[in-house]
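The listed protein sequences correspond, in order, to chains W and P.
Under our numbering, the first residue of the first sequence carries the number 1, and numbering increases by one thereafter.
Under our numbering, the first residue of the second sequence carries the number 1, and numbering increases by one thereafter.
Because the hints were derived from the structure by calculation, they are not lab data.
Using N, Cα and C, we set each Cβ at its ideal position, and we do this for glycine too.
Just to be clear, a hint being listed does not mean it is correct.
Taking CB as the label site, the calculated pair distances span [to be verified]:
1. P:270 with W:137: 23 to 29 Å
2. W:46 with P:285: 33 to 39 Å
3. P:267 with W:116: 22 to 28 Å
4. W:54 with P:254: 18 to 24 Å
5. P:416 with W:107: 51 to 57 Å
6. P:72 with W:107: 42 to 48 Å
7. W:36 with P:25: 52 to 58 Å
8. W:138 with P:254: 14 to 20 Å
9. P:90 with W:41: 43 to 49 Å
10. P:327 with W:153: 28 to 34 Å
If you only want the chain P side, here are some residues facing chain W, beta carbon under 8 Å, derived [what the hints assert, rightly or not]:
11. 103
12. 243
13. 251
14. 252
15. 253
16. 258
17. 270
18. 271
19. 275
20. 325
21. 368
22. 369
Derived list of chain W stretches under chain P, where covered just means 3 residues or more per stretch with a C-beta under 8 Å from a C-beta of chain P [said to hold, decoys possible]:
23. 21 to 35
24. 69 to 77
25. 94 to 103
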Amino acid sequence: MTPPPPATTAVPALAFAAGACVAAAGALWWLGATRLALAADADTARVADQAWQAIWIARAMVLAVLSPRLASWLAWRPAAAAGIVLLAPAWPLAVLMGSAGGAVLAPALRAEGLLLAAAVVLPGLGQGLRRLLRRGSLADSVATLLGVGLALGLWHGRHLVF
Amino acid sequence: MRRLLVLALALCGLAQAQAPSSPLDLTASAAWAGWSRPDRPTEVDVRLAAGQPARVVLEVVAGRQTVATELALQPGQPARVRMPVAAAESITARARAADGREVAQTVEIRRSASPLLGVVLAGGGTLALAGFHAVALGAADLPRLATAYAAIDALVLDASLLTALDARQTAALLGHAAACGRMVVLHADAPVRQLLAGGGGCGRHALMWAASPDEARQALTDALSHRLPEPVALGAIGELRQPDLAIWTRVAVAVAIYFAAAALVLLFVRKAAGLVLLPVLATAAMGLLLWAQEPVSQLLVWGEGGSGAPQARYQAWQQVQGVARGSVRVSIPPALGGSAQACQSRQALRLQFDGSRGQALGAEFDSRLFARTWLCFAGSFPTTRTIAVDLRPDGVPEARNAGTQAWPAGRLLDAGQVFDLPPLAGGARAALPPSRPGAPRGPELQLAAARTGFDGRAALWPLDLTGAVDAGATATGWLLVDVAPR
Numbered sequence: 001m002t003p004p005p006p007a008t009t010a011v012p013a014l015a016f017a018a019g020a021c022v023a024a025a026g027a028l029w030w031l032g033a034t035r036l037a038l039a040a041d042a043d044t045a046r047v048a049d050q051a052w053q054a055i056w057i058a059r060a061m062v063l064a065v066l067s068p069r070l071a072s073w074l075a076w077r078p079a080a081a082a083g084i085v086l087l088a089p090a091w092p093l094a095v096l097m098g099s100a101g102g103a104v105l106a107p108a109l110r111a112e113g114l115l116l117a118a119a120v121v122l123p124g125l126g127q128g129l130r131r132l133l134r135r136g137s138l139a140d141s142v143a144t145l146l147g148v149g150l151a152l153g154l155w156h157g158r159h160l161v162f
Numbered sequence: 001m002r003r004l005l006v007l008a009l010a011l012c013g014l015a016q017a018q019a020p021s022s023p024l025d026l027t028a029s030a031a032w033a034g035w036s037r038p039d040r041p042t043e044v045d046v047r048l049a050a051g052q053p054a055r056v057v058l059e060v061v062a063g064r065q066t067v068a069t070e071l072a073l074q075p076g077q078p079a080r081v082r083m084p085v086a087a088a089e090s091i092t093a094r095a096r097a098a099d100g101r102e103v104a105q106t107v108e109i110r111r112s113a114s115p116l117l118g119v120v121l122a123g124g125g126t127l128a129l130a131g132f133h134a135v136a137l138g139a140a141d142l143p144r145l146a147t148a149y150a151a152i153d154a155l156v157l158d159a160s161l162l163t164a165l166d167a168r169q170t171a172a173l174l175g176h177a178a179a180c181g182r183m184v185v186l187h188a189d190a191p192v193r194q195l196l197a198g199g200g201g202c203g204r205h206a207l208m209w210a211a212s213p214d215e216a217r218q219a220l221t222d223a224l225s226h227r228l229p230e231p232v233a234l235g236a237i238g239e240l241r242q243p244d245l246a247i248w249t250r251v252a253v254a255v256a257i258y259f260a261a262a263a264l265v266l267l268f269v270r271k272a273a274g275l276v277l278l279p280v281l282a283t284a285a286m287g288l289l290l291w292a293q294e295p296v297s298q299l300l301v302w303g304e305g306g307s308g309a310p311q312a313r314y315q316a317w318q319q320v321q322g323v324a325r326g327s328v329r330v331s332i333p334p335a336l337g338g339s340a341q342a343c344q345s346r347q348a349l350r351l352q353f354d355g356s357r358g359q360a361l362g363a364e365f366d367s368r369l370f371a372r373t374w375l376c377f378a379g380s381f382p383t384t385r386t387i388a389v390d391l392r393p394d395g396v397p398e399a400r401n402a403g404t405q406a407w408p409a410g411r412l413l414d415a416g417q418v419f420d421l422p423p424l425a426g427g428a429r430a431a432l433p434p435s436r437p438g439a440p441r442g443p444e445l446q447l448a449a450a451r452t453g454f455d456g457r458a459a460l461w462p463l464d465l466t467g468a469v470d471a472g473a474t475a476t477g478w479l480l481v482d483v484a485p486r
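Could you build all of it, start to finish, from the sequences and the hints given here?
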């Protein structure tokens, strides 16, 4: 059995770093906007709802681009694991923002479940492309294009989720 | 035949067992003969009786606000509770016994778009006043809670009817006079004048005397051209309503620690399972953090009165900042329980009320992390500040404690200038050095300046609110005393 190439061992860490960056940016925005809303006696719930939606859509778009490409490059299992690792860093913020937000919790939980399902399903798409097209470089390119298309679709259809 | 008899007896027993127990009897009515104004409070008088001993929960629902109390009813001893509620179009009083019996009655409130003039004359009848909707009332229509006087804009009262008021009605009327309510009293003799005039130093445009309804109308017409001190609105307290940032700081620190831990984990962990473990543990920790925290409560009191007046009127606001989604219950300071209400009519709120003392004990409402809920209070409290300011021959102003009791250190505002007011014993005097240019002016001083006016002169003292609130809550308050009451 050949060991995985050195680059692939860094994939989970890179996915975690990407997820943590998205979450940190969202948290920074949320805390700052909440601080301003408190000072101005404005609605803090709306800020929390918007921040969580922004974090969700950002993670969904990153997942849509990376997941098929990673699966086409590596395999389904490491790509699915990387997808989950990408999503996880925002979960503690979900507790805080869900508690501060005014939105109903069920749709937010459903949306997070949808992301987890996508993290498992999208790598299957990438791996299917690799088997179908047989040429690795072509499969990678098509998977990337597919991911970008998915991300654009998500951006335009984001109002359907929340 | 015997079988038939047994069957009949059995059926009788069954019928007896299933018969409804003695019903509850509930009668509800509103003060001011059912009149009030939108977004003002009123008072609902509920009489409740039961044919057998019962523990009953009485709720009065007005819009999104509910006032609830528990009563122990005994046969032949009807209970009577007066509850302060928002003047919604219809108010429902509902009593529910522990055994499931329930009774309800709806009281319609007539909400006047025009200012309301309550007219309580000995011979009945009313009087017309331009721009006002006059309502003829009897002594029984006057409320027992001072807060309910906010329902009307002016009152004409025949002093001969004061004897028909019970003790709580009289106390509420005196509270209204102390809070600068506009009122004309007909045929008032010296003791009545002395009793009512010992109010908040609101001047002759608040409390007036008249010998006839025509004279009362004229007095009111003249007085309406003079503005009375308006209550301080929640929106007008400016920087004083700044939130306590303790919860925000705790959350920000928790988030920062989490991301610092994530950065550390990134340095040492490469496996996906290990990386996911940190967010999972942090999620549980954040949940615990929210669960373990208590809502933050801040009380703010702003009192105003005239120099030498025995009473000062106040507005108070209790801000409760939530820490998690769910229902929050806060206790209400006992001294303020008589006038507790939600500051915004759209705020859903449930007040736990002690009917025997006429006071709210606690408030319950839905909250969220960072959400701020405001409870409003108003009333009057006794005070003994008498201050005189004279100009010495050298041009330096001098403050004199013209009362008998000492006062603490405060500030004096005089035509836009601010002086430090030293603590003074009764009868003592002290020179006031000129204020330092650029001396810091806190939000309380800004509000005091706004209330005093450019050419006004008033003293501002911090209020000692030790023990006014529960441990863990903070309370701050100020008393603004007009040095030369107008």
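What hints, given by number in increasing order, does this structure fail? 2, 8, 9, 10, 11, 15, 24
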